[in-house]
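In the order they appear, the protein sequences are chains A and B. The UniProt record's numbering numbers the first residue of the first sequence as 1 and each following residue consecutively. The UniProt record's numbering numbers the first residue of the second sequence as 1 and each following residue consecutively.
The set of hints was computed from the structure by calculation and includes no laboratory data. Just so it is clear, the structure is predicted and the values come from calculations on it, not from any experiment. Just so you know, not all the hints are guaranteed correct.
Note: identical chains are not told apart, hence a pair may lie in one copy or across any two.
[Unchecked claim] Pairs of lysine to any residue residues, derived as SDA-like cross-links and limited to a Cα-Cα distance of at most 25 Å, are as follows:
{"#": "1", "residue 1": "Lys84", "residue 2": "Arg268"}
{"#": "2", "residue 1": "Lys238", "residue 2": "Gln269"}
{"#": "3", "residue 1": "Lys202", "residue 2": "Asn185"}
{"#": "4", "residue 1": "Lys187", "residue 2": "Glu206"}
{"#": "5", "residue 1": "Lys62", "residue 2": "Glu82"}
{"#": "6", "residue 1": "Lys202", "residue 2": "Glu108"}
{"#": "7", "residue 1": "Lys333", "residue 2": "Pro43"}
Listed below, chain by chain, are the residues.
Number of protein chains: 2
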Amino acid sequence: MTAQSDQTTANADRIIISVDAMGGDNGPSAVVAGIAKSADKNPQVGFILHGPEETLRPLVDKRDVLSGRVRYCDTPDVVSMEDKPSHVMRNGKGTSMWSALESVRNGEAQGAVSCGNTGALMALSVIRLRKLPGVNRPAIAILFPSTNPQNFNVMLDVGADIRADARDLLQYALMGASYARNGLNLKRPRIGLLNVGTEEHKGRSELKEAHGLIAQFTDQADFDFVGFVEGSDISGNKADVIVTDGFTGNVAIKTGEGTASLIGALLRQAFEYSILSRLASVLAISSLDRLKKRIDPRRVNGGVFLGLNGTVVKSHGSADATGVSAAVKLAFKLAQSGFAERLAARVASTVELTQDAVELADPVPEHQKEGQA
Amino acid sequence: MTAQSDQTTANADRIIISVDAMGGDNGPSAVVAGIAKSADKNPQVGFILHGPEETLRPLVDKRDVLSGRVRYCDTPDVVSMEDKPSHVMRNGKGTSMWSALESVRNGEAQGAVSCGNTGALMALSVIRLRKLPGVNRPAIAILFPSTNPQNFNVMLDVGADIRADARDLLQYALMGASYARNGLNLKRPRIGLLNVGTEEHKGRSELKEAHGLIAQFTDQADFDFVGFVEGSDISGNKADVIVTDGFTGNVAIKTGEGTASLIGALLRQAFEYSILSRLASVLAISSLDRLKKRIDPRRVNGGVFLGLNGTVVKSHGSADATGVSAAVKLAFKLAQSGFAERLAARVASTVELTQDAVELADPVPEHQKEGQA
């Protein structure tokens, strides 16, 4: 499956993002509107668009800004939100999602973006791009609005895997630190391990073990470890990277989203209460718009898959043009900074140390060590 | 440890709430201010106050409304926030927390309230009040602001135990339904099981098992089961009771609190931005106050311990007078409705059915069944 070139030469100096045009809740028109938005803002970005070409071409042709910046990869099938990852892994070869990853795998694109089924995208990413050596479970990292100077914390994993043992959590800390360094320009990110309390005796056993492991890596991996943090610290200024398993992380981001939208709804109600409050709301529009812009999930749309050979950004399924454009921007920024290579180098440099640390924390019987040596 | 009577006769017709005056972040003065607030609003409430009498009496004497409505139970020791539950279980006999539970145990009070260390309070509650027959793990239930007609959803467990198996989750569903019926006046509450997606194949194995168990009880226990719900539904209108393990539930409520306080801080910033926005904020004050009141965690302060012989309300450690008063109100309301007895009856009526359901879901070998019979 090689992308059919339209005007390849024009794209020569551009960073190419591979975009799965199908599978989002708002269909390919939202995706094409999103990449048009990105193309308008950023002359350095080009696209390979995956999906049925007869559907996509008319949408692209309507937008002058995309002229000469899109290559098509004609794929008949679509992964639906209901498809089980295991099914897609076996039967997904003709889908736009599979094809979008293929362009990263064969080096034609420097990153992939999809609004589709998260589980299927992660499963396909693992089998097509492969995990980095030393990474057991890849993770999805997102940016969560916070009171930090950089306005966001990184949180991972938010749903790649519902389980994580102590060693996985250590890998998440290392990968999250790399992401914070490249994505948020933090020199020495502060790592926090999510738990139900900050006291060291609290929580599940794998968390206590991970606490010990992560603490050993602060110098080699160039981060600070602030120890256990709580749910309230996800939006706080105590840590820059929140490390947790994918079940807890997924519930936490959705709880945060739900709370924000509840407050938004109540705010509207409150302002509709009386004539005076309606007047106030008119005067307050620009203030409220500033607030909305600051926490608008569409503007930081994109979960990044960490721990793979290549950059994959999962956009929200319900993303509109603004959301898709934010996901493209993130993929572009990471490609431009050489993030995938840096992360791979960082993980490689710690693989042996990780092994040592795990053995220190959980000693292997002597005879087994001899066998390994 | 029997409460020393001041003016017992005056309290004869009142519902007596046993209050641990110590161990909160704001000390006994906040607790006394809180019970004074309750006493002022509700002529039917009386108190047994636990802590060093020489500290408490001057605080109480300053408030006329408490005259004749407080009995003292002089206890020298205090459980601190740092004390490990296991330590308190062995050495806690002289503490105000132990004593506060004792008044419920011996029938002198119809409910207990404490702002102290949650882990210690739960551990002491289990050893002093004992679990209801058929309950394996007691749970802490809280009210979470939502878009429901009743303005709140019940969520449990939010931190009694970091683990829960399928059978525990079923018990939480039964207890949560009882609480929603008595605490929120819902005839047929809708139960949702918290997961990372709504599809039946998603999530951990104990969740899939619990899904099957809970579905079997909709008729006997008089609730609707809406199946899996996500983090965003905690503040939504899809379910009235959100069932989860104590680790996930604890992270979720703290994430919700953190998100709400982030938005509050950003709202203030947004309104301070310009002269126009400051003017808007003056006009908007009453709207914002309405919003604040609606989601103010102090006004629904109180985690209820479910699954014990007696009602215990855990107030937030940092509760001020308003928060303590809300916790007292909740304990009073539950005592007045005979909640503890109703819950016990409900659990008792389902113990056998639960056993049958579990056996159906996970058959016990025949020879073991014979041994049990």
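Comparing the hints with the structure gives:
1. In this assembly of identical chains, lysine 84 and arginine 268 lie within 25 Å of each other by CA distance neither inside one copy nor across copies; the values are 38 Å within and 45 Å between.
2. Proximity of lysine 238 and glutamine 269 under a CA criterion of 25 Å is satisfied inter-copy only: 20 Å between copies versus 33 Å inside one chain copy.
3. In the homo-oligomer, the alpha carbons of lysine 202 and asparagine 185 never lie at most 25 Å apart, since the shortest distance is 32 Å inside one protomer and 36 Å across protomers.
4. When the C-alpha separation of lysine 187 and glutamate 206 is checked against a cutoff of 25 Å, the pair qualifies neither within a copy, at 28 Å, nor between copies, at 41 Å.
5. In this homomeric assembly, lysine 62 and glutamate 82 never come within 25 Å of each other (Cα to Cα): the closest approach is 31 Å inside a single copy and 65 Å across copies.
6. For the homomeric pair lysine 202 and glutamate 108, neither the shortest alpha-carbon distance inside one copy (48 Å) nor that between copies (34 Å) is at most 25 Å.
7. In this assembly of identical chains, the alpha carbons of lysine 333 and proline 43 lie at most 25 Å apart only when taken from the same copy (13 Å versus 64 Å across copies).
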